[in-house]
Amino acid sequence: MKVIYISAGLMLACFGSAVAAEPVQLIDTHIHYSHDAWDMLPPAQAIKVLRKAGLKQAFVSSSSDDGTQLLYGQAPDLIVPVLRPYRKRGELSTWFKDPTVVDMIADRLAKNTYAGIGEFHIFGDDANRPVMKSVVQLARKYGIFLHAHSDAAAVINIFKQNPQARVLWAHSGFAEPDEIGEMLTRFPNLRADLAFRNDHATSDSVDPDWRQLFLAHPDRIMIGTDTYAPERWYYVVEHADWTRAWLKDLPGDLAEKIAWKNAQALADWALKK
Amino acid sequence: MNVLKSLSILLTTAILTMPGVLAAEDFSPSERATILSLGPWPPALVQDSGNRASGDLKAIEFGKKLFNDKRLSKDDQVSCADCHKPELAFTDGMALNEGYKKITRNTPAVTNLRWNNWFGWGGEADSLWAQSIRPILSRNEMAATPSGIRRVVINDPDLSCRFKATFNLDPAGLGKHELLVLIAKALAAYQETLVTDVTAFDHFRDALLAGDRNAMSRYPRAARRGLKIFAGSGRCTFCHFGPRFSNGEFSNIGVPFFVAKGKVDQGRYGGIRTLKRSPYNLLGKFNDDGTAKNTVRTQHVTQRHRNWGEFKVPSLRNVARTAPYMHNGSVATLADVVEFYSDLNEERLHTDGEKILRPLNLTDQNKTDLLAFLETLSSGLVTKPGSPDPFRECSSVSRQ
Numbered sequence: 014m015k016v017i018y019i020s021a022g023l024m025l026a027c028f029g030s031a032v033a034a035e036p037v038q039l040i041d042t043h044i045h046y047s048h049d050a051w052d053m054l055p056p057a058q059a060i061k062v063l064r065k066a067g068l069k070q071a072f073v074s075s076s077s078d079d080g081t082q083l084l085y086g087q088a089p090d091l092i093v094p095v096l097r098p099y100r101k102r103g104e105l106s107t108w109f110k111d112p113t114v115v116d117m118i119a120d121r122l123a124k125n126t127y128a129g130i131g132e133f134h135i136f137g138d139d140a141n142r143p144v145m146k147s148v149v150q151l152a153r154k155y156g157i158f159l160h161a162h163s164d165a166a167a168v169i170n171i172f173k174q175n176p177q178a179r180v181l182w183a184h185s186g187f188a189e190p191d192e193i194g195e196m197l198t199r200f201p202n203l204r205a206d207l208a209f210r211n212d213h214a215t216s217d218s219v220d221p222d223w224r225q226l227f228l229a230h231p232d233r234i235m236i237g238t239d240t241y242a243p244e245r246w247y248y249v250v251e252h253a254d255w256t257r258a259w260l261k262d263l264p265g266d267l268a269e270k271i272a273w274k275n276a277q278a279l280a281d282w283a284l285k286k
Numbered sequence: 008m009n010v011l012k013s014l015s016i017l018l019t020t021a022i023l024t025m026p027g028v029l030a031a032e033d034f035s036p037s038e039r040a041t042i043l044s045l046g047p048w049p050p051a052l053v054q055d056s057g058n059r060a061s062g063d064l065k066a067i068e069f070g071k072k073l074f075n076d077k078r079l080s081k082d083d084q085v086s087c088a089d090c091h092k093p094e095l096a097f098t099d100g101m102a103l104n105e106g107y108k109k110i111t112r113n114t115p116a117v118t119n120l121r122w123n124n125w126f127g128w129g130g131e132a133d134s135l136w137a138q139s140i141r142p143i144l145s146r147n148e149m150a151a152t153p154s155g156i157r158r159v160v161i162n163d164p165d166l167s168c169r170f171k172a173t174f175n176l177d178p179a180g181l182g183k184h185e186l187l188v189l190i191a192k193a194l195a196a197y198q199e200t201l202v203t204d205v206t207a208f209d210h211f212r213d214a215l216l217a218g219d220r221n222a223m224s225r226y227p228r229a230a231r232r233g234l235k236i237f238a239g240s241g242r243c244t245f246c247h248f249g250p251r252f253s254n255g256e257f258s259n260i261g262v263p264f265f266v267a268k269g270k271v272d273q274g275r276y277g278g279i280r281t282l283k284r285s286p287y288n289l290l291g292k293f294n295d296d297g298t299a300k301n302t303v304r305t306q307h308v309t310q311r312h313r314n315w316g317e318f319k320v321p322s323l324r325n326v327a328r329t330a331p332y333m334h335n336g337s338v339a340t341l342a343d344v345v346e347f348y349s350d351l352n353e354e355r356l357h358t359d360g361e362k363i364l365r366p367l368n369l370t371d372q373n374k375t376d377l378l379a380f381l382e383t384l385s386s387g388l389v390t391k392p393g394s395p396d397p398f399r400e401c402s403s404v405s406r407q
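First to last, the protein sequences are chains L and Z.
Per the working numbering, residue 14 is the first one in the first sequence, and the count goes up by one each step.
Per the working numbering, residue 8 is the first one in the second sequence, and the count goes up by one each step.
Pulled out of the complex, with its shape left as it was, chain Z reads as follows:
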């Protein structure tokens, strides 16, 4: 009997220590708390007080149409959707795209943006609508002009009709900047709705919260081990925290930021300068929030030495679908990203700049597990039931 008991204990011990087996209780209390802080998903969608079109059904539909309209670019060459392709998780799958000229930054996904405070790799915009203006006017990207956009809208009966129906304003009676801003606000209203769905990780996180062992057991063991690294020894959640897996701020993780010999991408440093000079920032006249409560960040942000070469900490939702990686697309695959952090080049970091960063020195098993976890952050978009066409009054115009 004793022999049987000993064998049983040995077998149990062997199973529990086998690679691949990890139970909920194997997360430390702090790891568990960290994991729970990565949800619930999605957070409540709060209307953007700076954008009168935020959450408006007509604006959302109008914005969707504009997002796919090549006429928002010079010579009708590219639409927003040509670089933010829905089938590629709203990225372009390229390291560096070329619009009208070579672009020096990787095209980011435009999902889950409503909860951001800063937009763009350098945080050049403080609202989603202002960020929507940037590529339209960028000479390297869509190369349009405010007057060109105005011409497109007022000369197209369908767009004019939709514009009037959305904003209750005649576009022909607006100046080029006023009209451009409203176009951008419709684009933002649409992009706010691009919210990714719950993932396998979210199911696990909710099961952990509920203590539902059965549901937890459906989460792959390798992913669980990877999650333990992510939330524990890897300290990834110092920057990639909260339900969006991002602190929404900027960091220098040692990715080179030369764009050519003798030229650097200043990152957040240049981003703050651009933001402060922009006529479209929240301190300007186009902010719809009469209380100005949404201006505090913009008022107080200042350039600091550390901002030189800092780039946005990206959300990790759908990270497995948004290759290549880093601000300049210089890391091809997610496995390469894991390698990057495993062998992090400390020489490129200031010892007092990014104190939390250190090489993770991962084993091959660690790398596989971390990758398995990151792959559980993928999902499609939250889909909503279709609504009747909000622009029925424009249908007769469209047929003309």
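Same shape as in the complex, but just chain L:
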């Protein structure tokens, strides 16, 4: 009798560990691989980090775009290329005043495959400048999304230019849940990422206001890390673990959507899959 108990226990232990070995799938929508990361973290190493984090895919945009191309060349199954309009990171507050940026974007879009243009920084009325208008038009032409690190005003300006635009709102604009909810309700083509935010969850529980937002807009929100400095690549794994922990506090189907399905849908739309 004792032998049977032990065998049953062993079987349960084996079965249990087999189930536990499957981490929740994630798509990280906010990764940069900029020029200053390439030396300390060569492309093969960077791909290893993303795989170690258990990512199904990663939206990568880089200053310059060559970084994205380096990673895409290594792992096209893993990388969703997004075209950043910066040749180096220092251009984040000047790019929208530089008309040559439009030529660079047009040239890259003609040559390579991209799911979106971004992440770019644009605020308020700067979104109505000629360079930004050209970017909106190029996104429309290629049927790809715009990854905007913006305040609500800039997002509104983009949708005024093209109501059919598809915008991924970086960091959810660092706005409060009620404002994010209003924006998502007002603009059906708006998506939001949670990169560099802690306010929606602790390691094991979701904030009530954010839970309400997630439940109200289950198909619109996705996760991201933001590797804005090279050292933050070593945070991708920690971030993925943290994300998996708080997602457990949501209903399974909603957690899956935020974890990867919403991002997958956006990528599939842009890449015409």
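Some clues are possibly wrong.
Stretches of chain L that chain Z covers, calculated by requiring three or more beta carbons in the stretch to come under 8 Å of a beta carbon on chain Z [to be verified]:
#1 161-171
#2 185-193
Example chain Z residues on the side facing chain L (calculated, C-beta under 10 Å, incomplete) [said to hold, decoys possible]:
#3 Asp63
#4 Lys65
#5 Lys109
#6 Lys268
#7 Asp272
#8 His312
#9 Asp343
#10 Phe347
#11 Ser349
Keep in mind the hints are simulated off the structure, nothing from the lab.
Every residue gets a Cβ at the ideal spot worked out from N, C-alpha and C, and that includes glycine.
Chain L is already provided as a structure; the job is to place chain Z on it using the hints.
Leaving out everything else, chain Z in the frame of chain L:
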């Protein structure tokens, strides 16, 4: 007469606009308020409720002896004072020291620590006594073990005697962790007394408060101009505020934090993890505060994305004497620090992370002035009159 009057006005105007002349009224009301908030110095020394030895004369003397005792390290190689050298403002003057192995963080000064809430570049400890344990046990630094420390104390009649006299406990009757904690508490009691003296800046600040123009005039003009930048346009006091010139928290100012290819110093992020896991944190059994009022910060601190690569905002008292700078000693001189902030690399900062940081774009004159101000924050230690040997009962043991 009119000509003379005009000449007089011109001369006065010329003098007032000469580089180097800055009067008290040239500080705006907000700059003046900020300057006054940088004192008075020193603040009251409040006993550490978590440390039974805090403020105790015997513990202070015992701690001083321990601070200089190489036997607190593996193979008796280094003492605390070998890296925290009194003649170098309790630093080692090196970018990165080597204890038993290469250390990846710069050795900070151990002065004015009593008023801190977090200790170490990443805030790995929540008390000065817990912080005193960290280097002793660190394999890269002093590489000792709790059982090794216990052996040293119980096998040395003099140390045993001093331990008994300080804590009224027989060290041989204590477990290794209990004994180590009390050793650390004595070390902390000593370090609490390492308080820097009033500086030229403090005299100026007190004179400004009192409206004593004569005393104010003794403060160098370049330092006054530098102070105006520090408290005004430079916005340095957003982080370096209060009498200690530090908010006591952590920031990412864009200093790279790779320690080797493929390895980063996680800074505050890793510090919080270490703190939470430490058996010596204030939530543990070694906290002497029965009310547990000193545990609130430790209970509530949580890891946040921004903590990755954040390091302690250091006090600026004695800053001119504690080169090199930054958590990894990567900036050699104080003039280089001023250059660092003048040309701050915004690319390494998250636009929504450190909103207050921006390049200062200082002129050469600005840089000289800021440096002149920072140099007025130097002083020696507050000295106290000597007291009779509190360990007279141990003198016979020491001679054995």
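Against the structure, the hints:
{"no.": "1", "hint": "161-171", "verdict": "violated (count 1)"}
{"no.": "2", "hint": "185-193", "verdict": "violated (count 1)"}
{"no.": "3", "hint": "Asp63", "verdict": "violated (40 Å)"}
{"no.": "4", "hint": "Lys65", "verdict": "violated (44 Å)"}
{"no.": "5", "hint": "Lys109", "verdict": "violated (18 Å)"}
{"no.": "6", "hint": "Lys268", "verdict": "holds (6 Å)"}
{"no.": "7", "hint": "Asp272", "verdict": "holds (8 Å)"}
{"no.": "8", "hint": "His312", "verdict": "holds (5 Å)"}
{"no.": "9", "hint": "Asp343", "verdict": "violated (20 Å)"}
{"no.": "10", "hint": "Phe347", "verdict": "violated (16 Å)"}
{"no.": "11", "hint": "Ser349", "verdict": "violated (16 Å)"}
Figure legend: structure checked against the earlier numbered hints; hints not met, in rising order: 1, 2, 3, 4, 5, 9, 10, 11.
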